[in-house]
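Can you build the whole structure from these sequences, using the hints too?
Protein chains in written order, with our numbering: chain A, 1 to 281; chain B, 1001 to 1373.
Source of the hints: derived by calculation from the structure; they are not laboratory data. Predicted model only: the values in this text are computed from it and were never measured. All residues carry an ideal CB built from backbone N, CA and C; glycine is no exception. Any given hint might turn out to be false.
[As the list claims (entries may be wrong)] When the alpha-carbon atoms are kept at most 25 Å apart in a straight line, the in silico SDA-like pairs for lysine to any residue are as follows: (1) B:K1157 x A:D3; (2) B:K1176 x A:I252; (3) B:K1361 x A:I252.
[What the hints assert, rightly or not] Derived, one-sided and incomplete: chain A residues facing chain B with beta-carbon distance under 7 Å: (4) R85; (5) P122; (6) V199; (7) V203.
[To be verified] Some but not every residue of chain A turned toward chain B, in silico, with C-beta under 7 Å: (8) S10; (9) S14; (10) T108; (11) P118; (12) G255.
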Amino acid sequence: MQDFLELAVSATASGCVYGLVALAYLLMIRPTGIINFAVGEWAMVAAFGGHLLLSRYEWPYPVGMAVVIAFMLLVGWASERVAVRPLVEKGAPLLAPILALLGVLVITREVISVSFPPDPLPVPFPVEIQYYKYFVIAATAMVFAGFWFFFEKTLWGRTFEAVALNRRAAALMGINLSRVTAFSFAGGAAVAGLGGLLVSPNVSAHYLMGVPLAIQGFTALVIGGVGRVEGALIGGLLLAFAEQLTIRYAPIPSGFAQAVPLLFLMIFLIVRPTGLLRARA
Amino acid sequence: MKKIIFAFLLATGIAHAQTIKIGVITDRVGVSKPYSEPATEGVVFGADEINRKGGVLGRKIELLIEDDQSRPDISAALARKLVDQGVVFILSVSLSPATQQQQTVTMEAKVPQMTPMNSADYLTTQLQNPYFWQTGPLGSTQGATLLAHAKSKNFKKVALITDNSDLGQAIGKAFKGALEKAGIEIVADEVVARGATTAMPQMQKIRAANPEAMFLAGVLTAENVLIFRAYKELGVKFPIHSSYNLSVPIYETVAKGFINSITFVDAYDPDKPEVKAFVAAYKKATGKDSQNLHGYGYDGIHLIADAIRRAGSTDKEKIREAMQKTDYAGVMGKKGMKYTFPEGKRAGFDPDGMVVRVYEKDKQGRVVHVGQK
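In structure tokens, the structure reads:
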């Protein structure tokens, strides 16, 4: 029983990180339809930011965190300006910005790879290590609550929803599409960055950390569905529990246990391709 | 004006002809970058040192450094490029499969090639390439040395944990085979996937199996840190015996507070006189602290220089013959170890040359065991 409780906390904390990455995807997919796999690299950039400010320059955690998140907003905004907006304005098909963003992914990783030493770099814990999982859970809960409130209760959030439901109609209603897109990318980068920052004291900041996070987050998104904010969190938690419970309790060699979450993903795609939660009409 | 240009070309041409070109194939952006980069720094430092002391056969060494990203498909093409540029030796410090691929070129072009650090056992056995040598400790030697140390502790049942990288799996299999051969029962056999965010479930399973010790075969630093973190969080006490990966000094910073009393295989004894001299010289020349990984590259370039000196020329066939007769003590290996290639073998690290060391106060500490006995 003690094992199970320990594992439940650990899986919840991992699930929160997956959920944040899934939310980052969702923020961009909803209004634009663009799947941005660079979210993993954005998480990595934030982790390196965390290393730089918190470990190397030893800034206080809240200040460092705020600066990193602000920087990520800027990164997201700039990526949209450079890799998405020119293509959309020229009427390129949806695949074009997706591929351009893959380019952003590679460039980001290479820049980090050549600017930092090759080894994983430490990022400090803001609280005692045994309480850190609760810190991750609390921070994630706050972010999700904030976004839920934003989309459900504010006019701004409603305009995002409107664009998601029907871009053309939203534009005809006078909603500024490019502003919504810019905000969704800035927000996506900030949320992905927060995910990276939260996971980095555990996994350290290293230049190959982005792709696994991007895959885990995407899996969580598919499980939860792109329709609603809560879906991302539920997807993340389900994925993390599936992963960790299988490794711990399934009577199969632990090498095979790695495949179970992906099986899970395939089953979900077949049985419920829209994910657990459906978008409201 | 034309005359000046001509004279300049002639002068640089002569200067070029006078250097001895040595190719280095390293990895600047791929998976073995954490190993390749310090090793390459060791090569560069070693070449500078040799040049400062007058070079080899009165000529300076010129390094031509290429980056193969540890990718076998790129690697062979780069070896070809270096051969075309007239290198007399190729020094391979990226990943074993990439080094293997380069051999297809060096074997055909009859250009001497060596790796000072790759550990794959197959490099000198799969291809009968008389122009290739390996002076890094073999994977099997690492396993045997670690096991020899473990045997002295009389373990009956142990746990094994690794990651899902190629190398992690290969070392895990080697450990498993060696443990089973020694009649030690493996009560838990766990894998942590690359990119995992926790190793809690694996460590819980190991705790439930109640082993007397845990063998760590993983090579991914971030994932190994997850294992140590879970170990500490779960409050387990069994000793950890680690692969050679823990000899990478990055653990001193990234796993601070988690690594004390972990024992690991290494090819580096800080008390060895050659090591002390190397550490001091490196610090003086670069202002930076050296690691054991620098030693591999440093030994590599010195082994090549030594062979060319003994060959007395840059004729590749003569260098090949001289290299095969190597008898050289370098930075790596236990006290008094020499690199040799007896009986036509081309793997030159003494099977009894590795040591087991222990982490003390978050630093790589003393040697606790030597060799395979």
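**OP:** Starting from K1157 (chain B), check that the Cα of D3 (chain A) is at most 25 Å away, please.
**Re:** holds (22 Å)
Subject >> V203 (chain A) as chain B interface residue, shortest Cβ-Cβ below 7 Å >> reply: holds (5 Å)
Original post:
Given S14 (chain A) as an interface hint, is the shortest Cβ-Cβ distance to chain B below 7 Å?
Top reply: holds (4 Å)
Subject >> Interface hint outcome for V199 (chain A) [beta carbon to chain B under 7 Å] >> reply: holds (6 Å)
Subject >> Residue hint P118 (chain A), partner chain B, criterion CB-CB below 7 Å >> reply: holds (4 Å)
Subject >> Hint consistency between K1361 (chain B) and I252 (chain A) [alpha-carbon to alpha-carbon, up to 25 Å] >> reply: violated (38 Å)
**OP:** Return the status of the interface hint for R85 (chain A): holds when the least beta-carbon distance to chain B is below 7 Å, violated otherwise.
**Re:** violated (30 Å)
Original post:
Measuring from the C-beta of G255 (chain A) to each C-beta in chain B, is the shortest one below 7 Å?
Top reply: G255 (chain A) check passes; min Cβ-Cβ to chain B is 5 Å, inside 7 Å.
Original post:
Does the alpha-carbon distance linking K1176 (chain B) and I252 (chain A) stay inside the 25 Å limit?
Top reply: Holds. K1176 (chain B) to I252 (chain A) sits at ~18 Å (cutoff 25 Å).
Original post:
With a cut-off of 7 Å, does the beta carbon of S10 (chain A) approach a beta carbon of chain B closely enough for the hint to hold?
Top reply: holds (4 Å)
Original post:
Is the interface hint for T108 (chain A) satisfied, with its Cβ closer than 7 Å to some Cβ of chain B?
Top reply: Since the shortest Cβ distance to chain B is 13 Å, the answer is violated.
Original post:
Would the hint on P122 (chain A) stand, with a C-beta cut-off of 7 Å toward chain B?
Top reply: holds (5 Å)
Consistency with the previously given hints fails for numbers 3, 4 and 10, ordered from lowest to highest.
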